[in-house]
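Undergrad: What follows is each chain in one-letter form.
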Amino acid sequence: MSAHVVPQKLYFIIFAALLAMTALTTGMAYVDLGKWNTVVALVIACCKATLVVLFFMHWKWSTHLVRVVIVSALLWLAILISLTCTDFFSRHWTPVPQGWGETSLGNPPAPPANALPR
Amino acid sequence: MSDHAASALAHQFEDLDQQHEAASFGMWIFLATEVMFFGGLFAGYTIYRNLYQPGFAAGSHMLNVTIGAINTAVLIGSSLTMALAVRAAQTGKRNALVTFLILTILLGLAFILIKLTLEWRHDYVEGLAPGLNFTFAGAHAKSVELFFFFYFTMTGVHAAHMVVGVGILSYLLVQAWRGKYGPDRFNMVEGTGLYWHFVDIVWIFLFPLLYLIGGRY
Amino acid sequence: MWQGFQFVPDRASTIARGVDGLFYFLTAIDIFFTVIIFLAIFYFAIRYRRHAQRQQAEQIEGNLMLEIAWTVIPLGICVLVFLWGTFLFMRNARPPRASMEVFVVGKQWMWKVQHPEGVEEINELHIPVNQPIKLTMTSEDVIHDFSVPAFRVKKDVVPGMYTMEWFQATKTGHFHLFCDQYCGTNHSLMKGEVIVMEPAEYEQWLSGGIRGGTMADAGAKLYEQLACITCHGTGKGPSLAGIYGQPVKLNDGTSVVADEAYIRESVLYPAAKIVMGYKPIMPTFKGQVTEEQLLQLIAYIKSLRPAETPAPKR
Amino acid sequence: MGWHGKQECKCRVKTPAERLGRREGIEIMTTAAADTETRVNYLNADYGIKSWLLTTDHKRIAILYLLSISMFFLLGGIAAVLIRLHLIEPNGAIFEPGAYNKLFSMHGIIMVFFFLIPSIPAVFGNFLVPMMIGARDLAFPRINLLSWYIYVIGGAFTLYAIIWGGVDTGWTFYTPLSTTYLNTNVISAALGVFIAGFSSILTGLNFVVTIHKMRAPGMTWFRMPLFLWAMYATSLIQILGTPIVAITLVLVALERVFHVGVFDPAVGGDPILFQHLFWFYSHPAVYIMILPSMGVVSELITCFSRKRIFGYSFVAFSSVAIAVISFVVWGHHMFVSGQSVYAGIVFSMLSFLVAIPSAVKVFNWTATLYKGSISYQAPMLYAFGFIGLFTMGGLTGLFLATLAVDTHVHDTYFVVGHFHYIMVGGAMMGYLGALHFWWPKITGRLYPDGWARLAAAIIFVGFNLTFFPQYMLGYLGMPRRYAIYPPEFQTLNVLSSAGASILAVGYVIPLIYFLWSLKYGPAAGPNPWEAKGLEWQTASPPPTENFAQIPVVTEEAYDYK
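Residue numbers (the working numbering), protein chains in the order written: chain A, 149 to 266; chain B, 241 to 457; chain C, 109 to 422; chain D, 153 to 713.
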């Protein structure tokens, strides 16, 4: 069978790195970075996940096929989140229509000049 | 091919390599479905977190970072022992395999116990469990309720995966004790390992998203 | 059984013509391709039917030019239809500035309509002809859908948010109003009529139907009843005069535009967005005001001019 | 038609096969036919209920699926008949609105989740995938059996919901109606669909692994029959889409239990988010239904025109393209839902893209007929029916992808007509075509071809009469899911119901002659259609191990020289 046997030492190094990053991400939460706190936390999480996938889950010694599976799962997740977000974050672009109290019975409708997307 | 290897080969496969590749490929595809399964929750979380930032930050501040960080470490430790267990199976070391499986199970149980007694129970008593006992009435109360709904659902689904994992590991332990696994036959151990690491990765993302967003300063 | 049977639905709004034009264009495309495919299949099936047992077919691997042709041509048609449909849709998505605004509340299983002048009706909507009407809609329970086939418009009516649709009727008469989103047991009974009238007739109908003053008046009354005035108007709470449509600075540094959704949220969930410089002391009015009363309050707040004192007019 | 009387069969044992051979231009080896009775095959290899319920043979599991989905089809079909009967009268001929709502919900949930989604993948995919690639079984036979049990458990939950109290959410489970306002058995119906979803995932997983890892020597990707490409694309959707609907239904159930949840407007939740998550799966799910049928049609068209398919790689890749694009178009179900108009534009544009690979397929099938040697046995008629109905259904999809037109016809009978043209006209025609094509392989028996052709014609006519008026109703504005409707829509509704009665007859005829053929049908022989493809190179019914020796593939697919 063709599975790769990884030296034990490497596992312990990765373990130490993961613990260190956990400490780092917890510590960073106590530093005021404004918006960047979230970004930093997510970047560190991505690094940790990458280490787990690369070494604990043997990505480094995997076939291309397995890598395609991982990448496409992430791609599909990205499709789900990004296209859902196109709705939620563009809903408020639709201008708040004005005209309350300006009712003009019988007048021809004004061209919707004010209604262009902002 | 030894007799042992022959019995390890299912009738539909030509050889052990093909069987091993199929098993690990199948497990990865299963993990892809798991990514999407959690993905639905993450998508919902992303949207509400952006719509209700202050409420989510307020909710996050009510969680205990120290316990969260300790639990993260516990889970990473269990991932290490799981990786070592797979290695022991690959190299045919029965005793090491049994030891590492026991360690993994213990660390997994420790995670669940910490979660259950120090966090969920605490949150419930504090009135932070939506639908059961939610009494929080400060600023952004409804966003906080939403946050805690996500918190319980996401950690709950994650914990359910841990419980299933511990169940499978216990089965593996019995089989390993009987000496069923070896260099020709470790697909089960490897697949369970992949699953266990995946559950670990989910937690690696849940920890910052639930405990750390909005900062602690 | 043949009663009222027709092939084409009434076409009674300014939008209808455009939508029908595109609809017929698409129908023509459909017929064209369906006929081509059907004829080709029939022709080949007859022309190349198997006569003898060992009749050989001529093996053809494919043809790149053909593949490109039948990829690119449909793609071109799709782009055309997409642009056409989107253009119409965007035009129909924006109400003209001079629209008359009518409020609609969906509720299992009825439509409650309020005119700005205060007239309320159920399962009926009276409107003047040739006048753009903008509906601001919400639901008290589940998702409904306000659909008027003769006007070619529909929009879901969603709890917790305001949706909008507009139309301008071109014909007087009675037209179907349907709930098009499945909403429970009596979904199919949640229908009514849109009655389009001559403007003069409409005025007459309106004056006959007024009971409690305009919506803004009703809102003003409510404003007093709920004692909003003890804070909003004394400086304890922010002044509401002229805020509608204006940006409001919040205490977390962000700012929002005071639209219907914001006002609604502030009444029901006061703690959600706190205006800069004020304390979160406002109690919630959830459960005390109905969706219709909310709309009246909104109408009242909209009617307040910036120069006016924040206290109600009376 | 009706070439076999029963007597004829009894008195002249061998002739039906011979006669069939002459009539249809098919050579049948009488020795092979005689051989069938005694040979050991997957059906007679073992006896007893246990040998079926504990089997890991992909062919037996296919039969288990065939029986269970047929039962669900029958239930869903009865519901459909009752719906059409009810709608003869504008005020409703039979039911109260509440009962009618339960009826169409039952029809939708059963037909979508328990018939159409498992239909071709779980029956013909299971039976054929290993045989077509030259393998002895799927990669994970025990998981395959598990998936059937999961399906049955899911079905049991849903049946429980339907029988005790019913469920009236519609198959779409829209919140907050489903979470807060209905008093019916929503949780167990949702749970049933949730559970059945895992059956679908496991089936897809099994196929992908099998197609990647178990192909016989020489069976390269571009020598695979197009049915396998279609199954592969279908499996991708099952794997990547189903988990989303699963978690979404979990959230619905949680919201129902705890009275608070992520879709609850009271805490700032958004019901429209539910629709996003639901359609992220449920739009691609339409392609789970139609893609396998497209694969079947590629097999049928080539076999009965005795030609290699026109533009093999275009047909193959269009399947994968459909699977991928299907995931980015879901928002077209939500153009009028209160979703952002800009998101609507994005989704409209993407929705048009999915029309292109579908059109490419239709043109390639038509071109395959050119200069063929075409015979019209029953399976071919179903394939023709599929192409025609799918063309009409697919083209009306353009209306629904167009923002301005969809605003008018959304949630009307136009939509109902459109998706029935795809799901019944398309998927169901493909399913019946497959059943007629591979029935001799599955059972080793031939059915009366004349009756089968008659049934195909009746189904085609009945189908169009049922669903074409629904397009017109939709354009006139009749909303879907209405138990009571304005009287001016009656004419078209009566027409539709009349068509449905013809359609029902069309579905009953095959049931009768298939059952008849099990006992009286002449033996089919290994390859009654003289088709290419590895499944025809082994005996009918095939032995448990499929092939005595794993075949070596040396030629392209559809090498009908």
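Incorrect hints may appear among the rest.
Just so you have them, the derived chain A footprint on chain B, three or more residues with Cβ under 8 Å [claimed, not checked]: (1) 382-391; (2) 407-415.
Label-pair distances were calculated between CB atoms; the ranges are [as the list claims (entries may be wrong)]: (3) D:409 - C:174: 40 to 48 Å; (4) D:230 - C:396: 44 to 52 Å; (5) D:243 - C:169: 53 to 61 Å; (6) B:349 - A:207: 27 to 35 Å; (7) A:184 - C:140: 56 to 64 Å; (8) D:196 - A:156: 51 to 59 Å; (9) B:403 - C:396: 38 to 46 Å; (10) A:156 - C:183: 51 to 59 Å; (11) B:407 - D:664: 47 to 55 Å; (12) A:183 - C:180: 41 to 49 Å; (13) C:142 - A:191: 53 to 61 Å; (14) A:240 - B:415: 36 to 44 Å; (15) C:392 - A:240: 21 to 29 Å; (16) B:415 - C:392: 55 to 63 Å.
No more than 25 Å apart at the CA atoms, straight line, and that leaves these computed lysine-lysine pairs for DSS-like [as the list claims (entries may be wrong)]: (17) A:183 - C:381; (18) B:355 - A:208; (19) C:329 - C:394; (20) C:394 - C:220; (21) C:357 - A:183; (22) C:394 - C:357; (23) D:713 - D:523; (24) C:357 - C:381; (25) C:220 - C:279; (26) C:394 - C:381; (27) C:387 - C:357; (28) B:355 - A:157.
Rather than coming from a laboratory, the hints here were simulated on the basis of the structure. Predicted model only: the values in this text are computed from it and were never measured. Just so you know, even glycine gets a beta-carbon here, dropped at the ideal spot from N, CA and C.
Undergrad: Now tell me, hint by hint, if it's right for this structure.
TA: We went through each hint and held it up to the structure:
Against chain A, the segment 382-391 of chain B contributes 0 residues with a C-beta closer than 8 Å to a partner C-beta. That does not satisfy the three-residue criterion, and the hint is violated. Beta-carbon proximity to chain A at under 8 Å applies to 0 residues in the segment 407-415 of chain B; the threshold of 3 is not reached and the given coverage is violated. A beta carbon spacing of about 57 Å between residue 409 (chain D) and residue 174 (chain C) contradicts the range 40 to 48 Å that was offered as a hint. The hinted range of 44 to 52 Å is satisfied by residue 230 (chain D) and residue 396 (chain C), whose Cβ atoms lie roughly 49 Å apart.
As the Cβ distance of residue 243 (chain D) to residue 169 (chain C) is approximately 60 Å, the hint placing it in 53 to 61 Å holds. Taking the beta carbon of each, residue 349 (chain B) and residue 207 (chain A) are about 28 Å apart, inside 27 to 35 Å as hinted. Our hint of 56 to 64 Å for residue 184 (chain A) and residue 140 (chain C) holds, since their Cβ atoms are close to 57 Å apart. Checked against the hint of 51 to 59 Å, the pair residue 196 (chain D) and residue 156 (chain A) passes, with Cβ atoms roughly 54 Å apart.
In this structure, residue 403 (chain B) and residue 396 (chain C) meet the distance hint of 38 to 46 Å, their C-beta atoms being roughly 45 Å apart. Our hint of 51 to 59 Å for residue 156 (chain A) and residue 183 (chain C) holds, since their Cβ atoms are close to 57 Å apart. A hinted range of 47 to 55 Å for the beta carbons of residue 407 (chain B) and residue 664 (chain D) is consistent with their spacing of about 48 Å. With their beta carbons about 46 Å apart, residue 183 (chain A) and residue 180 (chain C) fall inside the hinted range of 41 to 49 Å.
Take residue 142 (chain C) and residue 191 (chain A): their Cβ atoms lie about 54 Å apart, and the range 53 to 61 Å holds. The hint said 36 to 44 Å for the Cβ distance between residue 240 (chain A) and residue 415 (chain B), and at roughly 57 Å that hint is violated. A hinted range of 21 to 29 Å holds for the C-beta pair residue 392 (chain C) and residue 240 (chain A), which are about 24 Å apart. A hinted range of 55 to 63 Å holds for the C-beta pair residue 415 (chain B) and residue 392 (chain C), which are about 58 Å apart.
Restraint check: the Cα-Cα separation between residue 183 (chain A) and residue 381 (chain C) comes to about 19 Å, which is no more than 25 Å; the hinted pair holds. Of the supplied pair hints, the one linking residue 355 (chain B) and residue 208 (chain A) is violated, its CA atoms being roughly 33 Å apart against a limit of 25 Å. At most 25 Å may separate the alpha-carbon atoms for a hinted pair to count; residue 329 (chain C) and residue 394 (chain C) meet this at roughly 18 Å. The suggested pairing of residue 394 (chain C) with residue 220 (chain C) holds, with an alpha-carbon distance near 20 Å, which does not exceed 25 Å.
For the given pair, residue 357 (chain C) sits about 19 Å from residue 183 (chain A) by alpha-carbon distance, which is consistent with the 25 Å threshold. Distance check on the hinted pair: residue 394 (chain C) and residue 357 (chain C) sit about 24 Å apart at the alpha-carbon level, within 25 Å; holds. Annotation: proposed proximity of residue 713 (chain D) to residue 523 (chain D) holds, straight-line Cα distance about 13 Å (limit 25 Å). Under the criterion of a C-alpha separation no larger than 25 Å, the hint pairing residue 357 (chain C) with residue 381 (chain C) is consistent with the structure, at around 10 Å.
For the suggested pair residue 220 (chain C) and residue 279 (chain C), the alpha carbons sit about 23 Å apart, so the restraint of at most 25 Å is met. Distance restraint check for residue 394 (chain C) and residue 381 (chain C): the Cα-Cα separation of roughly 15 Å lies within the 25 Å cut-off, and the hinted pair is therefore satisfied. With a CA separation close to 14 Å, the supplied pair residue 387 (chain C) and residue 357 (chain C) stays within the 25 Å bound. For the hint pairing residue 355 (chain B) with residue 157 (chain A), the CA-to-CA distance comes to about 30 Å; that exceeds 25 Å, so the pair is violated.
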